[in-house]
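J.: Chain by chain, the residues:
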Amino acid sequence: AQKVTQAQTEISVVEKEDVTLDCVYETRDTTYYLFWYKQPPSGELVFLIRRNSFDEQNEISGRYSWNFQKSTSSFNFTITASQVVDSAVYFCALKEGYSTLTFGKGTMLLVSP
Amino acid sequence: DGGITQSPKYLFRKEGQNVTLSCEQNLNHDAMYWYRQDPGQGLRLIYYSQIVNDFQKGDIAEGYSVSREKKESFPLTVTSAQKNPTAFYLCASSRSELTSYNEQFFGPGTRLTVL
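For the record, the sequence lines run as chains A and B. For the first sequence, my numbering gives the first residue as 1, with consecutive numbering after it. For the second sequence, my numbering gives the first residue as 1, with consecutive numbering after it.
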C-alpha cells in the first residue's frame with residue numbers, strides 16, 4: 001500500500017528565512033508520481049509540482065525548489081527567502097499505477113514578518 | 001475562466017438531516033473526486049468518478065452518496081447515517097483517473113457544520 005509521511009506538523013519561521021518541508025513516501029511500484037500542493041487560508045488546494053519516479057532531477061521555480069531522492073524515498077520542498085504569503089498548509093501526495101492519490105497529513109507553515 | 005465551483009461555502013445542518021453539496025467543473029475533465037478534510041488528518045477520499053454514470057467508493061464512503069449524471073457535475077450527499085459529518089469538503093477534478101500523472105484541480109471547498 002502506498003503511504004506518505006510528513007513528519008513536520010507545523011513550522012514557524014521569520015520572513016526571509018529558508019525552510020524545508022519534508023516528505024517521505026512508501027510504495028512497491030517502480031512507476032509512480034509525486035505531487036506538492038499548497039492550501040492557503042482560503043482553503044482551495046493549489047497544485048505546485050508533479051514529479052515522476054524516473055526523473056530524479058531537482059527542480060527550481062523561483063523561490064521554490066524540490067529535492068527528489070529515490071534512495072531515501074523522499075521528495076522535500078524548500079522555500080528560499082520565505083515570505084508571509086507563503087503561510088499555508090503544504091501537502092505532499094503520491095500516485096502509483098491505477099490507484100487514487102494518497103495525501104500526507106500536511107505541514108502548516110507560518111511565516112511571520 | 002475554467003475552474004471548479006462548490007456551493008455553498010458554509011453549510012449548517014441539523015442532526016438527522018441529509019444535505020447535498022454541489023460541485024461543478026468546466027474544465028472538461030473526465031474524473032471527479034470528493035475529499036473530506038479534518039484538522040490534522042489531511043485529505044481523505046470519499047468517492048470518485050472516472051466517467052459519467054460511474055463512481056467508486058473511496059476510503060471513507062460510509063454515510064455518503066454521489067451521482068454523476070453529467071460530466072461537469074458531481075454532487076455529494078451527506079446522509080444522516082454519517083456519524084460525524086462536521087468537516088471541510090473539497091471537490092476536485094482531473095483529466096483522467098486512469099492516467100497516473102494527471103494533477104487534480106480543486107474547488108474552494110464547503111465547510112459543513114452539524115448543529
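Honestly, I wouldn't trust all of these hints.
[Unchecked claim] Not close to chain B: a few residues of chain A, all C-beta gaps over 10 Å, as computed: (1) 9; (2) 11; (3) 26; (4) 42; (5) 44; (6) 45; (7) 52; (8) 66; (9) 68; (10) 69; (11) 76; (12) 85; (13) 100; (14) 101.
[As the list claims (entries may be wrong)] What follows is a list of derived Cβ distance ranges for each label pair: (15) 42/A / 26/B: 12 to 22 Å; (16) 60/A / 54/B: 33 to 43 Å; (17) 59/A / 115/B: 26 to 36 Å.
[Unchecked claim] Here are the simulated DSS-like pairs of lysine-lysine, each with C-alpha atoms no more than 30 Å apart in a straight line: (18) 14/B / 3/A; (19) 70/A / 70/B; (20) 105/A / 83/B; (21) 83/B / 57/B; (22) 70/A / 14/B; (23) 83/B / 14/B; (24) 16/A / 83/B; (25) 70/A / 83/B; (26) 71/B / 70/A; (27) 9/B / 83/B; (28) 3/A / 83/B; (29) 38/A / 16/A; (30) 70/A / 9/B.
Bear in mind the hints are in silico, worked out from the structure with no lab data behind them. Ideal Cβ positions, reconstructed from N, Cα and C, are used throughout, including at glycine.
J.: Evaluate each hint against the coordinates.
T.: Okay, the hints, checked on the actual structure:
no.	hint	verdict
1	9	7 Å, violated
2	11	15 Å, holds
3	26	15 Å, holds
4	42	7 Å, violated
5	44	5 Å, violated
6	45	4 Å, violated
7	52	6 Å, violated
8	66	14 Å, holds
9	68	15 Å, holds
10	69	20 Å, holds
11	76	18 Å, holds
12	85	18 Å, holds
13	100	6 Å, violated
14	101	6 Å, violated
15	42/A / 26/B: 12 to 22 Å	20 Å, holds
16	60/A / 54/B: 33 to 43 Å	40 Å, holds
17	59/A / 115/B: 26 to 36 Å	46 Å, violated
18	14/B / 3/A	36 Å, violated
19	70/A / 70/B	41 Å, violated
20	105/A / 83/B	22 Å, holds
21	83/B / 57/B	17 Å, holds
22	70/A / 14/B	49 Å, violated
23	83/B / 14/B	12 Å, holds
24	16/A / 83/B	44 Å, violated
25	70/A / 83/B	40 Å, violated
26	71/B / 70/A	37 Å, violated
27	9/B / 83/B	21 Å, holds
28	3/A / 83/B	26 Å, holds
29	38/A / 16/A	19 Å, holds
30	70/A / 9/B	40 Å, violated
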